[in-house]
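Engineer: Residues per chain, in single letters:
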Amino acid sequence: MTIKSRPIYAPFKLDVTGRVHLVVTNLAEAPVEVEEAVGDVLVWTVKTVAPGVPAPAARNLRPFRSVAELLPQLAVRLAQATVGLRIYAVGSEAFIWDAYNVAMGAGLDGAEVFTHHAGPFVRRVYCTHCRTMIEDVAVTIIPCPVCGAHLFVRDHFSRRLAAFMGVIVDAEVPGEIPAAEALIS
Amino acid sequence: MRLVLGKIDVLGPSIRRFTLSPVSGVLPVAGAGAHVVLEIPGPGRVWKNAYSIVSTPSSASYEIIVRRVEHSRGGSAWLHDHARVGDVLEVQAPQNLFPPSRTSRRHLLLSAGIGITPFLSYLHVPGLSFEWHHCGKAEDAAAFAALLPETVTLHTGRNTLNLAALLAAQKLDTHLSLCGPESFMDFALAAAEHAGWPGQKIHKESFGGATGGAPFIVHLRRSGQSIHVGAEESLLDAMEAAGLVPPCLCRGGACGECKLPVLEGVVEHHDHYLSSSERAANDAIMTCVSRARTTEITLDF
Numbered sequence: 001m002t003i004k005s006r007p008i009y010a011p012f013k014l015d016v017t018g019r020v021h022l023v024v025t026n027l028a029e030a031p032v033e034v035e036e037a038v039g040d041v042l043v044w045t046v047k048t049v050a051p052g053v054p055a056p057a058a059r060n061l062r063p064f065r066s067v068a069e070l071l072p073q074l075a076v077r078l079a080q081a082t083v084g085l086r087i088y089a090v091g092s093e094a095f096i097w098d099a100y101n102v103a104m105g106a107g108l109d110g111a112e113v114f115t116h117h118a119g120p121f122v123r124r125v126y127c128t129h130c131r132t133m134i135e136d137v138a139v140t141i142i143p144c145p146v147c148g149a150h151l152f153v154r155d156h157f158s159r160r161l162a163a164f165m166g167v168i169v170d171a172e173v174p175g176e177i178p179a180a181e182a183l184i185s
Numbered sequence: 186m187r188l189v190l191g192k193i194d195v196l197g198p199s200i201r202r203f204t205l206s207p208v209s210g211v212l213p214v215a216g217a218g219a220h221v222v223l224e225i226p227g228p229g230r231v232w233k234n235a236y237s238i239v240s241t242p243s244s245a246s247y248e249i250i251v252r253r254v255e256h257s258r259g260g261s262a263w264l265h266d267h268a269r270v271g272d273v274l275e276v277q278a279p280q281n282l283f284p285p286s287r288t289s290r291r292h293l294l295l296s297a298g299i300g301i302t303p304f305l306s307y308l309h310v311p312g313l314s315f316e317w318h319h320c321g322k323a324e325d326a327a328a329f330a331a332l333l334p335e336t337v338t339l340h341t342g343r344n345t346l347n348l349a350a351l352l353a354a355q356k357l358d359t360h361l362s363l364c365g366p367e368s369f370m371d372f373a374l375a376a377a378e379h380a381g382w383p384g385q386k387i388h389k390e391s392f393g394g395a396t397g398g399a400p401f402i403v404h405l406r407r408s409g410q411s412i413h414v415g416a417e418e419s420l421l422d423a424m425e426a427a428g429l430v431p432p433c434l435c436r437g438g439a440c441g442e443c444k445l446p447v448l449e450g451v452v453e454h455h456d457h458y459l460s461s462s463e464r465a466a467n468d469a470i471m472t473c474v475s476r477a478r479t480t481e482i483t484l485d486f
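Chains as they are written, first to last, in the working numbering: chain C, 1 to 185; chain X, 186 to 486.
Only chain C is shown next, with the shape it has when bound in the complex (with noise of 0.2 Å):
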């Protein structure tokens, strides 16, 4: 079944209106598509070659520490560039979604900043209760590590908090914890 307020994500292609074109993925390569996209590509990674130092840096790509460090730098990036830029978020579906967030809180609009998932489909929730982020879950039902809440992970996504909803399994029954399941997608 398909989750309404999820978003489908199309496959990479460059859009041919923009004069500068910036990939940016939590992945430590691009995919293959993205480096035979023609035109100048620049590429920001995730890599490092020992804790804390990052992969060396080339011409078009630059490999970061972290998604922490990634994100907040492609928020000063944005903050100097002229129109033109085209950003695309490759990645988990939490990471382009950050990303597609810092583009909008620097004020691009949605037709200058591309989505594509990669990966395995692990969900991000939000504990509602306590508003926990909790990250790379695969299972419908889990407990937050914060306030201890049993949370089924509900099928709805928020682009705001690039995150599923995670709300309480037993607040009628406290207690009674249905058997997690394998998310599916």
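Treat the hints as calculated values from the structure; they're not laboratory data. Here a beta-carbon is modelled for each residue, glycine too, at the ideal position from N, C-alpha and C. One or more hints might be untrue.
Subject to a maximum C-alpha distance of 30 Å in a straight line, what follows is the list of computed DSS-like cross-link-like pairs (lysine-lysine) [stated by the list, open to error]:
| no. | chain 1 | residue 1 | chain 2 | residue 2 |
| --- | --- | --- | --- | --- |
| 1 | X | K356 | X | K444 |
| 2 | X | K322 | X | K233 |
| 3 | X | K389 | X | K233 |
| 4 | X | K192 | X | K233 |
| 5 | X | K389 | C | K13 |
| 6 | C | K13 | X | K444 |
Sample of chain X residues facing chain C (criterion: CB under 8 Å; computed from the structure) [claimed, not checked]:
| no. | residue |
| --- | --- |
| 7 | R290 |
| 8 | L357 |
| 9 | F369 |
| 10 | P383 |
| 11 | K386 |
| 12 | K389 |
| 13 | G409 |
| 14 | E453 |
Based on the hints, put chain X in the right spot on chain C.
Structural biologist: Using the frame of chain C, we list chain X on its own:
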């Protein structure tokens, strides 16, 4: 509503400001970018022309600025040559198809000629961060300079504005708004596209409406009428003159309200609403400004 001409100011050789006040009661508030449609009497027919409101939204009257168009179809010529203080005109309630984009942090405003008018109302918006370049003929320089604050750059010579460089230098949080004659708009839009502006960040308002052209015959399939459209009248005007009430709003090819399906014939598009692929499809016409390229055209109306 019926409004009385309260004041006429001569701003330039062919530019006048008209103040329209209510005969009784209070005017509807018109926000930045709004326009009114005036019904202007002419020989044998009524001209319906849209003019931007340049007065503040809280003003008790509407102010419009009108250029006397060379080869005027009637509207602006009547206002310049025949209108007198105290005349009462039928005016349709204001519409706003060109409000400033409230979500944008910065605005680049580009105008030419009498396209200055919608942006004059933007000056009343508190806190609007904008860079405005206005292009005009040298003969209008004094009139435009008197209307514009010092922060606006007025270009009256040829090639004093490098549009390509200006458009390419804008930050990503900037919104582009354009108003001017068709040739200016086409040039600016092409420059913006070349600089990589996405269409969603561009707003435009054209004016001047229909320019006239070769006469043709329109067949209206559902109404069962065939109407001759003269060289100096628009398709919309001809349909209205025949007693029909086709949809319309801005009368300037901007809003899309008057779009009608085309069944036969080839369209000569003059609007700023349809995309290039929609134009190429030749299955819709904006009756307020577009005409037929063929001697006859059949519409589903």
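Engineer: The structure should be examined with respect to each hint, and the outcome stated for every one.
Structural biologist: Status of each hint after checking the structure:
1. Only pairs whose Cα atoms come within 30 Å are accepted, and K356(X) paired with K444(X) is rejected, the gap being roughly 35 Å.
2. Distance hint between K322(X) and K233(X) is fulfilled; the C-alpha atoms sit about 27 Å from each other, no more than 30 Å.
3. Between the alpha carbons of K389(X) and K233(X) the distance comes to roughly 21 Å, so the proposed pair stays at or under 30 Å and holds.
4. Straight-line distance between C-alpha atoms of K192(X) and K233(X) comes to about 21 Å, which keeps the hinted pair within the 30 Å bound.
5. Proposed proximity of K389(X) and K13(C) is supported: the alpha carbons are some 29 Å apart, at most 30 Å.
6. For the given pair, K13(C) sits about 33 Å from K444(X) by alpha-carbon distance, which is inconsistent with the 30 Å threshold.
7. For R290(X), the interface hint holds, the least distance from its beta-carbon to any beta-carbon of chain C being 6 Å, beneath 8 Å.
8. The beta carbon of L357(X) is positioned within 8 Å of a beta carbon in chain C (closest approach about 5 Å), and the interface hint is therefore held.
9. Interface hint at F369(X): violated, since its Cβ lies 20 Å from the closest Cβ of chain C, which is beyond the 8 Å cut-off.
10. Look at P383(X): its Cβ gets to within about 4 Å of chain C, closer than 8 Å, so that hint holds up.
11. Of the supplied interface hints, the one on K386(X) holds, with its beta-carbon coming within about 5 Å of a beta-carbon of chain C, less than 8 Å.
12. Look at K389(X): its Cβ only gets to about 16 Å from chain C, farther than 8 Å, so that hint breaks.
13. Interface restraint check for G409(X): the shortest CB-CB distance to chain C comes to about 44 Å, outside 8 Å, so the restraint is violated.
14. Using the Cβ-Cβ criterion of 8 Å, the hint placing E453(X) at the interface with chain C is not satisfied: the shortest such distance is roughly 27 Å.
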